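Protein chains in written order, with full-length UniProt numbering: chain G, 1 to 378; chain L, 1 to 378.
These aren't lab readings, by the way, just hints derived from the structure by calculation.
Computed from a predicted model, the values in this text were never measured in an experiment.
Wrong hints could be hidden among the right ones.
A pair counts as met if it fits within one copy or between any two copies, since identical chains are not told apart.
As the list claims (entries may be wrong) - Taking lysine-lysine pairs in the DSBU-like style, the calculated list, with each CA pair at most 35 Å apart, reads:
#  : residue 1 : residue 2
1  : Lys91     : Lys298
2  : Lys333    : Lys267
3  : Lys348    : Lys311
4  : Lys234    : Lys327
5  : Lys88     : Lys311
6  : Lys234    : Lys143
7  : Lys236    : Lys269
8  : Lys206    : Lys267
9  : Lys269    : Lys213
10 : Lys311    : Lys143
11 : Lys39     : Lys340
There are 2 protein chains.
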Amino acid sequence: MKVIIDRDHLVRSVQDVMKAVSSRTTIPILTGIKIVASKQGVTLTGSDSDISIESFIPAEEEDRVIVDVITQGSVVLQARFFSEIVRKLPKETIEIEVKDKFVTTIRSGKTEFHLNGLDPEEYPRLPQIQEENMFKVPADLLKHVIRQTVFAVSTSETRPILTGVNWRIENNELMCTATDSHRLAMRKAKVETESEAYYNIVIPGKSLNELNKILEESNEPVHIVVTENQVLFKTKHLLFFSRLLDGNYPDTSRLIPTESQTDMIVKTKEFLQAIDRASLLAREGRNNVVRLSTLSDKVVEISSNSPEIGKVVEEVQCEQVEGEELKISFSAKYMMDALKALEGAEIKISFTGAMRPFVIRPLHDDSMLQLILPVRTY
Amino acid sequence: MKVIIDRDHLVRSVQDVMKAVSSRTTIPILTGIKIVASKQGVTLTGSDSDISIESFIPAEEEDRVIVDVITQGSVVLQARFFSEIVRKLPKETIEIEVKDKFVTTIRSGKTEFHLNGLDPEEYPRLPQIQEENMFKVPADLLKHVIRQTVFAVSTSETRPILTGVNWRIENNELMCTATDSHRLAMRKAKVETESEAYYNIVIPGKSLNELNKILEESNEPVHIVVTENQVLFKTKHLLFFSRLLDGNYPDTSRLIPTESQTDMIVKTKEFLQAIDRASLLAREGRNNVVRLSTLSDKVVEISSNSPEIGKVVEEVQCEQVEGEELKISFSAKYMMDALKALEGAEIKISFTGAMRPFVIRPLHDDSMLQLILPVRTY
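Taking the hints into account, I'd like the entire structure generated from these sequences.
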């Protein structure tokens with residue numbers, strides 16, 4: 001294999017596939033990046049066996065030569081060194097040549113690296129996915145959907161299924177749900193499907209976090225293909241594979257209350273800042289709990305008390321408060337996560353009593369909701 | 001004590017004194033910030049007993065009221081909470097009121113914190129320093145002098161005196177020297193003294209690093225007062241005290257070679273980048289060592305070899321090479337530290353053989369030098 005390649009394109013591709021490479025893998029060859037040069041261009045692959053990322057650098061782009069493939073072939077190079085080397089090379093083009101025993105020469109200007117490569121035949125093959133039942137979501141919408149749900153997955157392995165986000169696709173609608181059994185995040189979005197598709201899958205939270213990092217903010221469609229145990233996200237030059245979680249996701253629809261006893265509308269930012277301040281002292285005490293009480297004249301009081309350090313009391317003027325009086329305690333962290341995930345300058349919070357889960361929604365928007373279980377404090 | 005104080009001024013002062021507060025202190029009251037309100041304004045103090053920082057907020061500044069002192073007094077508040085609270089308060093002014101048993105109310109808008117304070121009488125007193133024998137250095141020059149020397153102090157406590165930077169003031173010249181016995185950094189600067197002052201002190205590296213962070217880039221003079229075991233740096237509203245290290249600093253002048261066998265002049269940035277690349281592989285191997293060899297035609301070769309990973313060879317075109325041929329090995333890290341510390345687009349490196357320390361200087365500037373001991377590699 002011998003190629004001459006544009007440095008900036010290579011740096012970007014290496015950065016992308018590096019997101020799948022883990023230094024703590026038990027399979028030594030997965031600490032490497034697989035490089036394949038064909039007539040069409042160069043393909044890089046990184047994988048930690050849960051996530052695999054493939055990035056393609058075309059030989060030509062907009063009539064400009066990006067890769068000059070002199071001899072086709074392939075090699076696996078240590079990801080950590082290869083990525084640092086290409087980033088620091090002095091010139092705009094880089095020559096990569098694989099010689100005897102996979103020893104690889106990387107040349108740029110008057111700099112010459114010789115790296116001990118590995119046999120690409122030993123690199124695990126990526127799943128072959130039939131691209132039949134695919135659906136499309138614009139990249140920026142996909143990033144939103146991920147960010148508004150993934151933070152609520154469980155970090156504990158006691159119920160592994162809850163470490164993923166449940167995706168259900170039905171009637172051209174994607175519904176994403178994440179819960180750690182103390183709070184729940186849900187987001188719906190319209191998707192373009194080719195047929196009457198129905199899926200019900202659970203994608204690991206970690207995979208979605210990496211996907212969110214790698215996707216650019218654009219309205220370019222991302223093609224999504226689902227198989228029995230894999231999901232593939234496909235953009236112009238990138239393939240992102242993730243395994244799916246085994247098992248049935250719990251039915252969460254019955255958790256969401258349909259009625260309410262107390263409803264309030266507040267300015268999102270002002271409310272978030274008040275909770276943030278109240279949590280300054282709460283963090284030290286019992287599990288970061290703050291207390292909310294309705295007062296008269298559409299005012300609610302946010303308070304928190306840590307006997308050793310001190311206490312804080314704060315009044316927030318609501319836009320509207322309707323229904324019964326209420327005193328309720330909840331995790332400040334969950335509330336802040338939920339408020340940051342929602343869109344819109346104003347939000348509506350619907351309570352069904354001090355011991356029942358409550359729901360936070362943007363005003364006039366049913367496509368997303370956040371649910372939080374209160375904390376018993378007496 | 002009761003004051004109404006401008007939030008932005010308070011936030012900045014708290015940030016400054018926080019640099020001296022350590023959460024790992026064995027003296028509980030030092031986890032707090034001491035606040036003293038007098039007719040003239042409010043003084044904040046933070047200390048970890050090695051470093052103490054005092055910041056003064058004047059009652060008025062440029063005809064604007066900054067602090068309204070309603071009742072004089074003092075209190076000590078937990079630094080960690082107090083600093084976060086003042087940063088997150090909603091309005092531009094903050095009311096601080098100390099009540100019974102040092103319980104302190106902090107009010108801003110509709111937010112009210114009650115913090116358990118501590119008795120300010122228990123807070124250690126700062127050293128009283130006679131401001132007689134002081135000298136002056138502009139803040140930006142002082143920051144340069146610190147950055148160009150402090151990185152070379154020893155991080156090991158086997159010879160505690162080497163964890164500090166030696167400052168010698170004589171004939172209106174300040175000479176700063178730091179060494180960890182493998183490399184040495186020296187910087188001279190003119191200073192303004194009031195009398196025929198002579199000092200020879202050792203300031204802990206950690207203190208100088210904190211001082212560098214707290215000083216703003218400006219040409220305002222910093223007043224420096226030296227006593228037997230303390231040094232005080234004084235700007236308009238800030239006092240920075242550091243203890244001095246006990247013991248005699250070694251005489252380093254005889255380490256610096258006065259003659260040379262090989263001299264080369266190189267472009268600083270190009271040379272730094274070449275060393276950086278060579279060190280990519282060296283880092284894994286024997287102590288980050290790279291090799292430099294003179295070739296013909298004013299070219300030097302930089303190379304490094306890590307048998308398991310690979311090797312790198314790189315040619316650098318020098319502006320000038322004079323004297324004997326040379327092959328020498330040295331720590332890439334020390335060389336990069338030295339090159340980053342020096343000023344100027346071109347530097348001169350003077351070697352006295354492969355086993356002797358060599359000296360790096362900016363071209364046409366004798367006020368600073370870096371010295372590195374080579375590494376034996378055979």
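These are the hints, each one checked on the structure:
| no. | hint | in the structure |
| --- | --- | --- |
| 1 | Lys91 x Lys298 | between (65 Å within a copy, 21 Å between copies) |
| 2 | Lys333 x Lys267 | within (18 Å within a copy, 52 Å between copies) |
| 3 | Lys348 x Lys311 | within (27 Å within a copy, 62 Å between copies) |
| 4 | Lys234 x Lys327 | neither (48 Å within a copy, 52 Å between copies) |
| 5 | Lys88 x Lys311 | between (52 Å within a copy, 15 Å between copies) |
| 6 | Lys234 x Lys143 | within (14 Å within a copy, 51 Å between copies) |
| 7 | Lys236 x Lys269 | neither (37 Å within a copy, 38 Å between copies) |
| 8 | Lys206 x Lys267 | within (32 Å within a copy, 45 Å between copies) |
| 9 | Lys269 x Lys213 | both (25 Å within a copy, 32 Å between copies) |
| 10 | Lys311 x Lys143 | neither (39 Å within a copy, 41 Å between copies) |
| 11 | Lys39 x Lys340 | neither (47 Å within a copy, 44 Å between copies) |
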